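J.: Each chain, letter by letter, is given below.
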Amino acid sequence: MHNFLADIEGRAFRMAQFATSNRDDALDIVQDTMMKLVQKYGDRSQNEWKPLFYSILQTRILDWHRRQNVRNRFRSWFQTNDDDEEAENELDQQPAKASSAPDFNLQDTQFGSDLNQALSMLPLRQQQVFLLRVWEDMDIAETAVAMQCSQSSVKTHYARALEKLRIQLEGHR
Amino acid sequence: MNANDHFVNRVKKSLDVNEQDIDSETRQQLASMRRNALNQPKKITWLKREYWLPASSLVLCSILAVFIIVNPEPSINPSNVSQNQAILKKQDAQVAVMELLNNGDELDLVNDPYFYIWADEVLIEDNPDYAV
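Protein chains in written order, with this note's numbering: chain A, 352 to 524; chain B, 7 to 138.
Everything labelled a hint here was simulated from the structure, so no lab data went into it. This structure is a prediction, so every number in the text was calculated from the model and none was measured. Hints are not guaranteed to be accurate.
[As the list claims (entries may be wrong)] Restricting the straight-line Cα-Cα distance to at most 25 Å, the calculated cross-link-like pairs of lysine-lysine (DSS-like) are:
{"hint": "1", "chain 1": "B", "residue 1": "LYS95", "chain 2": "A", "residue 2": "LYS506"}
{"hint": "2", "chain 1": "A", "residue 1": "LYS401", "chain 2": "A", "residue 2": "LYS506"}
{"hint": "3", "chain 1": "A", "residue 1": "LYS401", "chain 2": "B", "residue 2": "LYS19"}
{"hint": "4", "chain 1": "B", "residue 1": "LYS18", "chain 2": "A", "residue 2": "LYS506"}
{"hint": "5", "chain 1": "A", "residue 1": "LYS401", "chain 2": "A", "residue 2": "LYS387"}
{"hint": "6", "chain 1": "B", "residue 1": "LYS18", "chain 2": "A", "residue 2": "LYS515"}
{"hint": "7", "chain 1": "A", "residue 1": "LYS391", "chain 2": "A", "residue 2": "LYS401"}
{"hint": "8", "chain 1": "B", "residue 1": "LYS18", "chain 2": "A", "residue 2": "LYS401"}
{"hint": "9", "chain 1": "A", "residue 1": "LYS515", "chain 2": "B", "residue 2": "LYS96"}
Excised from the complex, chain A in its bound form (with noise of 0.2 Å):
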C-alpha cells in the first residue's frame, strides 16, 4: 500500500489540482482519498486499488465542486467586490508551469503551461477521463468504473475532451 500511495500521490495531487485550482483543497482530496482507501479497502487486492483510490478521488472532486456552487450562490448574493483578487488567486493556484530543467526546451514548456490552462478549463467530466486514459493508461472498463458511469459515456468525454485539447492547442504542431 505504501508504494501503491507513493506512486499516485503526484498524479493525484495533480488531477485534483486541475480539477479544483487550488493547492490547498487539493491536498486536502488527496488526504481524504488516501485515508478512506486505506480505511476502508486495504484489505482489498493490490489490482483493486487503482480504480478504487481514483473512484474515491473523483468522488471527492464533485463534492469539492458541489459545495463550490452552493458557495458561490451565497457569495452573489451578498455580492463581494473581490472578484479581481480571486481571479488573480486562482491563476496563482493553477499548476506551475512546465519544468525549468536545461533539457526541457522552451517550446515544450510552453506547450506544458497552455495544456495546463486547457485542462483546466474542460469541463470536470471530461477532464477526468481524459486523465485517467490518458496518464493513467486506464482502459475503457476500468475509467468507467472509477468514474461511476457507463463506458460509452467514458469514450465520449475522451473523445469530446481530446477534441478541444487538439483545437486548443493547435498552434503546438
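Put chain B on the given structure of chain A with help from the hints.
T.: Chain B alone, transformed into the frame defined by chain A:
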C-alpha cells in the same frame, strides 16, 4: 503512429514533467499524508450498526419463540367453562334489572305491584336463586 497518438504521447510526456515539477514542500506534505493514512488506527468494525441490528433482531425473535413455547395458551378446562357461564348469566340478569330501572318509559312498571309478581315468576323459571 497517427496524429492522435502523437498528440496524446506529447500530452502524457508534458503531464509527467508537470508531476515531477511538484515543489518539495508539497511533496513533503503528500508524504506526511501518506504516513498518516497508513498509520491511522483501525476502526472497530464490530461496533457498527449493520452488525448489531441483525444480531439483536435474532436474539429478540429467539426470546419471543422461547416465551411462546414455555407459556403456551392455557388449555380449556370444563369446570372453568361452567363457572364462566354462571358468572355471565348473573351479569345478564343484573344488566336487565339496571336497564329496566334506567328506562324512563317503563318506570311506571316499577310502581306496579303486579310487575314484581310477574318478574318473580319469570326469574323463578330461569333460576330459583334470583327470585325476589
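J.: Are the hints correct? Go through all of them and say.
T.: Hints versus structure:
no., hint, in the structure
1, B/LYS95 - A/LYS506, "violated (87 Å)"
2, A/LYS401 - A/LYS506, "holds (20 Å)"
3, A/LYS401 - B/LYS19, "holds (21 Å)"
4, B/LYS18 - A/LYS506, "holds (18 Å)"
5, A/LYS401 - A/LYS387, "holds (13 Å)"
6, B/LYS18 - A/LYS515, "holds (16 Å)"
7, A/LYS391 - A/LYS401, "holds (14 Å)"
8, B/LYS18 - A/LYS401, "holds (18 Å)"
9, A/LYS515 - B/LYS96, "violated (97 Å)"
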